[in-house]
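Undergrad: Chains as they are written, first to last, in my numbering: chain A, 76 to 433; chain B, 5 to 587.
If you're looking for bench data, these hints aren't it; they were derived computationally from the structure.
There may be inaccurate statements among the hints.
Claimed, not checked - To give an idea of the interface, some chain A residues facing chain B are shown, with a C-beta separation under 8 Å as derived from the structure:
#, residue
1, R117
2, R179
3, R183
4, I387
5, D388
6, S389
7, D398
Owing to the predicted nature of the structure, the values given are computational and were not obtained by experimental measurement.
Just so you know, even glycine gets a beta-carbon here, dropped at the ideal spot from N, CA and C.
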Amino acid sequence: MIRRFLRTYQASPVGVTPPRPLAIPDEDEPTGESQYNLEVERDLTLWEPLILPESPAAPGEFPEWFVDGSHIGQPVLCVRAPQGYPIPLWIAEVGAVGLRLQGRRFVREFFAIDRVLGFIGEPFPWQEIEEFMLAMMSVPELAIRVLLARLPDSSIHSWFDYEAMRHQIHNRCQNEMLKLEVLALEAAPNLPTLVDGQLVGRLGEQTAMNRPLIVGAVKSPRPPAFPPQGHTTMLNLKAGQRTPYYLDARPSDVALASWFLRLADGPRLAPNWGIVRIDVPWVQLERYPEGASRSDFVNRLSRWLVDARCRIDSYARMPISLDPIVRAEESLKPLMTPILVLVNRFYRAAGMFRGDES
Amino acid sequence: MIPTGTVLGRVAAPPEHESTSNVFYFWVDRDQSVERTQIVTTISRIGSREVRFVGVVQEVYRRSRQKDISEEAARFDGRTGNHPPFESEGVTYAEVAILRTDPIAHTPPTEESEVRLASAHDAAQGYGVDRMGQPLAIGLLRNGGGEQFAGSATIDLDFLLGKNGGHLNVNGIAGLGTKSTLLLILNWLLLREVERQKRELGISNPRRLQLVPVIFNVKNFDLFFIDRWNTEFRKNELTARNDWRMMGVDDPRPFEKPRFMAPQQKGLTTPVPTGGRTGDVKPYGWTLSDIIEQRLFRYLFSEDDIGTANLGGLVSEVEEWLTSGTPEQPRLRTTNDAPQTFDELLQWFKVNKSDKDFFGDFLPGTKSSFYRRLKYIVMEGDGVLIRQGSGHGNPIIIPSDGQTSPIVIDLHGLLRVPSLQRFVVAAVFDQIMRTQTAKQVPGLKYLITLDELNRFAPKDSTDPITQLLELVAAEGRSQGIILLGAQQQASLVKSRVIENAAIRAIGRSGTLELAAEVWKFLSGSARTAAAQLLPEEKLLYQPSFREAMLAKIPFPPFALSENDAEVVTDSTPLRLARAEADF
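Generate the whole structure from the sequences, applying the supplied hints.
TA: Printed below as a string of structure tokens:
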């Protein structure tokens with residue numbers, strides 16, 4: 076069935092293509108009207124880099140559960156829809172891991188991995204799609220789940236734009252990883268948690284209200300819609316300094332208290348190198364009385380994060396990484412199948428190897 | 005103490021640590037400890053079959069997560085007082101040399117297979133005890149540091165006593181006294197085996213093992229007290245006996261009624277003073293007649309003496325002239341005014357050497373040389389070489405039937421005349437070789453214990469004594485002559501003597517020595533280990549082992565010096581009986 080489907084729709088092998096400029100808004104950053112309140116800690120005119128005091132974070136004020144996800148995949152085939160536009164098939168393994176801090180050591184207490192084949196199914200007859208999905212699941216050495224993505228918005232992208240299609244499928248798989256991260260998050264509902272990446276999309280207001288501290292560390296934040304004073308403050312940060320926190324109430328499932336923190340100095344590849352954004356659900360910040368005690372909490376948490384920064388020079392993203400997240404990554408990656416093995420197995424199932432065509 | 009069967013880690017085979025059919029690596033569970041010398045097992049499914057591997061941990065490594073020293077320092081911001089919030093959490097991993105696969109498979113284990121601490125049964129299989137013809141436990145098999153053992157350290161007597169190989173050689177630095185301990189314990193255990201076979205096979209069974217143990221004492225009169233309890237053993241009797249019991253020996257005790265021989269004193273018929281051992285020591289010494297009858301004349305001259313064809317030729321001619329009778333039964337010539345004593349021999353040669361017809365093929369210089377050397381050995385060796393005695397003296401006579409205790413022959417009394425020490429050794433070996441060449445008794449083995457082999461068969465020597473030892477090493481096993489040799493540096497001993505020892509024991513040895521060619525058969529890890537062994541430890545190697553075995557040799561119950569010897573009093577037997585009953 077697999078081969079018939081692929082033959083019918085003129086499948087041809089494709090590989091990894093060089094990155095191209097974003098065709099579609101990336102990530103799942105909330106969009107919409109800018110709704111920042113930059114003056115919850117201090118007036119914008121008084122924004123300046125804040126030096127972090129040495130006060131240690133109290134239990135409950137620093138994370139003990141660390142969540143990271145991984146998505147390793149690549150396009151393997153391109154089929155032609157009945158209407159003629161190209162649709163890539165994206166093979167991937169997505170996974171998430173939860174590490175628990177015990178004393179000064181980390182223990183992997185949760186992990187989940189899923190093997191997926193993403194593509195856009197809408198243009199094909201549903202019965203054929205169903206048979207194809209079943210057949211893919213039945214290949215013992217692959218046991219891969221077909222993940223269907225939607226066609227991109229035709230008012231923005233032509234469906235004949237291969238890159239737009241590829242991006243759409245990639246994002247579908249990325250969402251699958253986020254689902255696993257949510258599972259990892261829910262595996263330790265009573266522990267203060269740090270998530271690699273933003274919190275938006277991972278929990279809602281109600282969840283945030285009912286659980287202990289949850290922190291998001293965004294390594295590559297998109298430049299916020301700040302006035303110049305905000306940007307200047309951010310760029311002037313030195314290692315171990317933060318900006319004032321602000322309220323990010325853009326339309327999303329959770330309002331956030333966010334601030335920028337420079338984790339490390341060292342050779343700067345860009346002016347914002349070493350700066351991460353820290354997100355905490357606003358409802359959790361509200362557990363502290365308004366005023367100095369909120370700032371103190373933010374300071375203590377920031378100090379803990381600076382102390383927990385990655386110090387492995389040879390790690391490419393060292394200046395924007397936290398050690399526990401690097402550990403989580405290291406703990407998850409070896410569980411995943413090397414992508415080339417998956418690709419080869421897929422090609423074998425698809426009859427793409429010479430001498431194995433039927 | 006880690007229970008056997010505990011999972012220690014899992015096999016890993018990343019680049020640079022690939023498994024082979026000889027070696028594999030495993031990472032260690034963070035809650036376990038792994039040590040060099042531990043015996044481990046792992047089972048892998050290879051193709052359609054399950055293969056069980058037994059191996060010994062060669063080395064244990066620790067790797068941090070940092071790539072270089074700068075990163076290590078960076079974790080502390082370069083200040084030792086700083087404490088990073090999280091542990092470095094590196095990984096410990098171990099290298100394992102494969103000892104055995106079951107079924108036989110020349111293939112490595114697969115990654116992620118569980119690695120477990122081996123039991124005594126596993127370890128015995130690893131070293132092929134189940135395939136040994138005549139296993140003999142001579143110590144306890146180390147299973148890591150501390151006092152954890154994987155059963156007995158067992159050798160195969162087929163490799164020691166001649167069937168598949170022969171001889172044992174032990175190497176070790178001076179001062180630890182452990183070479184003698186091992187050799188004496190081996191003597192004791194073999195005598196015990198003789199008794200066992202006598203009991204179980206019957207005294208008339210011609211296949212049973214019989215031994216004539218000959219032990220040369222080279223230092224002080226240390227080995228003249230092996231029939232007494234060792235005071236250190238008595239002090240730590242529970243521990244010591246426990247070790248013996250673990251290797252299957254319930255009754256360690258001193259040797260029973262060994263015979264002692266020491267050089268005869270000059271001009272007397274008594275032995276040289278032998279310290280606290282008096283009364284039951286027999287003297288030994290040779291008259292000229294004994295020397296000729298036992299064909300030992302050439303051994304009186306060392307390599308320096310007869311290294312040249314001229315002097316060597318003259319020695320042979322003199323010996324021939326002095327000999328009458330049949331080749332099988334040579335006698336000292338009594339006609340032609342032949343000299344009958346060493347003194348007469350000196351005088352006879354001195355008087356005649358100027359005569360051109362006296363051994364006329366040789367130049368006066370050669371004859372003078374011969375005379376000077378003969379005079380030196382006879383004068384210095386007075387006592388052992390009985391100068392004025394005619395007829396027979398007290399030559400060492402090695403029995404030609406099985407013994408129940410060793411014969412201890414002292415060489416220390418000849419300390420000032422090394423050439424005479426070599427002569428005595430050669431005399432004993434020569435006698436045994438002749439006995440065995442003439443007629444062999446099935447099952448009878450001559451077990452000769454000789455320390456300081458470097459003195460008796462030096463690396464660069466080619467003299468008759470060295471040649472004799474080489475002959476024993478090469479052919480002795482087929483004639484029932486087994487050499488238990490020892491030295492501090494095997495690299496200084498004739499390589500043929502070392503290489504022919506099927507079983508090698510290595511005690512703590514110098515690193516320079518271990519770098520020598522003679523040790524190339526040991527793995528790098530074993531050489532490193534050999535430089536760090538404890539006094540009671542030995543690395544044992546026999547041809548059927550893929551890797552050396554680290555053994556703890558139990559503490560000897562018998563004294564190995566006069567200082568260690570328990571003083572025998574009237575109440576001693578009663579006290580010993582009580583102690584044994586208590587144990």
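Undergrad: Next, verify each hint and record whether it holds.
TA: Now for the hints, and whether the structure bears them out:
1. Nearest Cβ of chain B to the Cβ of R117(A): about 29 Å, over the 8 Å cut. The hint is violated.
2. Because the closest C-beta pair between R179(A) and chain B is about 4 Å apart, less than 8 Å, the hint holds.
3. Hint status for R183(A) relative to chain B: violated, with the closest Cβ pair at about 12 Å, above 8 Å.
4. With 8 Å as the threshold, the beta carbon of I387(A) comes within range of chain B, its nearest partner Cβ sitting at about 6 Å, so the hint holds.
5. With a cut of 8 Å, the hint placing D388(A) at the interface with chain B holds, because the nearest CB-to-CB distance is about 5 Å.
6. At a threshold of 8 Å, the smallest CB-CB gap from S389(A) to chain B is about 4 Å, leaving the interface hint in force.
7. Hint status for D398(A) relative to chain B: holds, with the closest Cβ pair at about 6 Å, below 8 Å.
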